[in-house]
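Got chain A sorted already, so can you dock chain B onto it with the hints?
Protein sequences appear in the order of chains A and B.
Number 131 in this note's numbering belongs to position 131 of the first sequence; there are no gaps in the numbering.
Number 27 in this note's numbering belongs to position 27 of the second sequence; there are no gaps in the numbering.
Careful, some of the hints might be misleading.
Just a sample of chain B residues kept apart from chain A, beta carbon distances all over 12 Å, derived [to be verified]:
id, residue
1, Gly40
2, Thr69
3, Gly95
4, His98
Across the chosen pairs, the derived CB separations fall in these ranges [unchecked claim]:
id, chain 1, residue 1, chain 2, residue 2, range
5, A, Arg19, B, Ala68, 45 to 51 Å
6, B, Lys59, A, Cys72, 49 to 55 Å
7, A, Gly93, B, Asp109, 39 to 45 Å
8, A, Pro28, B, Thr103, 36 to 42 Å
Source of the hints: derived by calculation from the structure; they are not laboratory data.
Backbone N, C-alpha and C define an ideal beta-carbon position, used for all residues, glycine too.
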Amino acid sequence: MELIPRFLQYGEETSFAARESIYRAGDPVAARPVFYVVAGLVKVAYPLRDSSFALWLHPDSIFGLVEPLAECSRLCTVQTMERTICYCWDLEGFFTAAGVSWELALAATSGMSRELRILNAEFGERLRQEKGGT
Amino acid sequence: MDSYNEIMKIAFQGEDALDEAVVSKFGRRFKDKQILIKEGDVQQQIYWILDGEVYITQKLGEKYKVLATLGRGELIGEMSFFDKSVRSATVIAKGDVHAMVFTRESFADIYAASPMWTRRLLVALARRIRGMVERLGKF
Chain A
1 MELIPRFLQY GEETSFAARE SIYRAGDPVA ARPVFYVVAG LVKVAYPLRD
51 SSFALWLHPD SIFGLVEPLA ECSRLCTVQT MERTICYCWD LEGFFTAAGV
101 SWELALAATS GMSRELRILN AEFGERLRQE KGGT
Chain B
1 MDSYNEIMKI AFQGEDALDE AVVSKFGRRF KDKQILIKEG DVQQQIYWIL
51 DGEVYITQKL GEKYKVLATL GRGELIGEMS FFDKSVRSAT VIAKGDVHAM
101 VFTRESFADI YAASPMWTRR LLVALARRIR GMVERLGKF
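Just chain A, same shape as in the assembly (with noise of 0.2 Å):
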C-alpha cells in the first residue's frame, strides 16, 4: 500500500470525473467542506455582475475553507477541468490535520493569503477601469 502524507489519513478521498460540478456559488456549506487537491485540475469561478472571475489550483492546493470559516453560503462554483482526485475534510478534521502537519497549515495560509492578493488585484483593476471609463 502506497504511504499517504499523515495528514490526509485524516480525511477521505474523493473522486470526480472531468467537468464534474463539486459546488456552486449560493450552495449551503457541506459535512466534509475543505478539499485537498492531490491530483488534477480544478476551476474556481467567482461570479461577477455580468461574467465570473477564475483561479485555476492544481495539485496541493487546498480550496472550500474561506465559507465554514467566514460563516456563509459557497461564494464560488468549482468544477474540475480534469479527472482529480481530492481528500476532504470536515472542518474540524481540518485543523485535526494541520494540527500533525505544519505544512498543511502553511499550505492553507499560503493559499488564501494568495486568493486574498489575487482578488484584491483584481478588485484594483476593475476600480481602475471603472474610474478610466474604459
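Frame of chain A; chain B shown alone:
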C-alpha cells in the same frame, strides 16, 4: 485595498504562548539606521516589533522619503511572508529596535508555539476574502 497587516495583527493579538523562549530564539536587535528590509528585495520574512520604532521609506533618487513610522506591536513584511512578492519599501531602524524575525522555515516553530495562531489567521483571511468577493460581485 485589504491590509494583510490588520489580519496578521489579529492573529498575533494576545498571544501568551509567544513566551521568553520564543522571543529569545527569534528576537533580533537592530541598531539605529540599520536596514531591516530593502525595497526591491524578494525576502520571505516577517518582523514583529517588540521595542523601538522603524521608518517605512521609499527611495526617491538618492534620498529616502519617510512614508510612515511604526512601533511596538506592529508587523512588517506580512505580504511577502506567505506569498512571494517584491518588497515595496525600505524599512530602517529609528534608534535601537528589538524585533522578532520569522522566516517561512520557522513557520513550524510559530505553529508549535501556538496552533491557535493559524486558526485565527485563517478566520481573518476568510472574512477578508468573503468581503472582497462581495465587493467584486458589484462589477
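Could you let me know if the closest chain A CB is still more than 12 Å away from the CB of glycine 95 of chain B? Correct as stated: the minimum Cβ-Cβ distance to chain A is 31 Å, above 12 Å.
Is it true that proline 28 of chain A and threonine 103 of chain B lie within 36 to 42 Å of each other by Cβ? holds (40 Å)
For threonine 69 of chain B, is the shortest beta carbon distance to chain A beyond 12 Å? Nearest chain A Cβ is 25 Å from threonine 69 of chain B, so the label holds.
Note whether the CB distance of lysine 59 of chain B and cysteine 72 of chain A lies within 49 to 55 Å or breaks it. violated (43 Å)
Do the Cβ positions of arginine 19 of chain A and alanine 68 of chain B conform to the proposed distance bound of 45 to 51 Å? Holds: the Cβ-Cβ distance is about 49 Å, inside 45 to 51 Å.
Can we confirm that no CB of chain A comes within 12 Å of the CB of glycine 40 of chain B? The assertion about glycine 40 of chain B holds, with a minimum of 18 Å to chain A.
State, for the Cβ atoms of glycine 93 of chain A and aspartate 109 of chain B, whether the hinted interval 39 to 45 Å holds or is violated. For glycine 93 of chain A and aspartate 109 of chain B the Cβ distance comes to about 25 Å; the hint is violated.
With 12 Å as the threshold, tell me whether histidine 98 of chain B passes as away from chain A on beta-carbon distances. holds (26 Å)
In terms of the numbered hints stated before, the structure departs from hints 6, 7, listed from lowest to highest.
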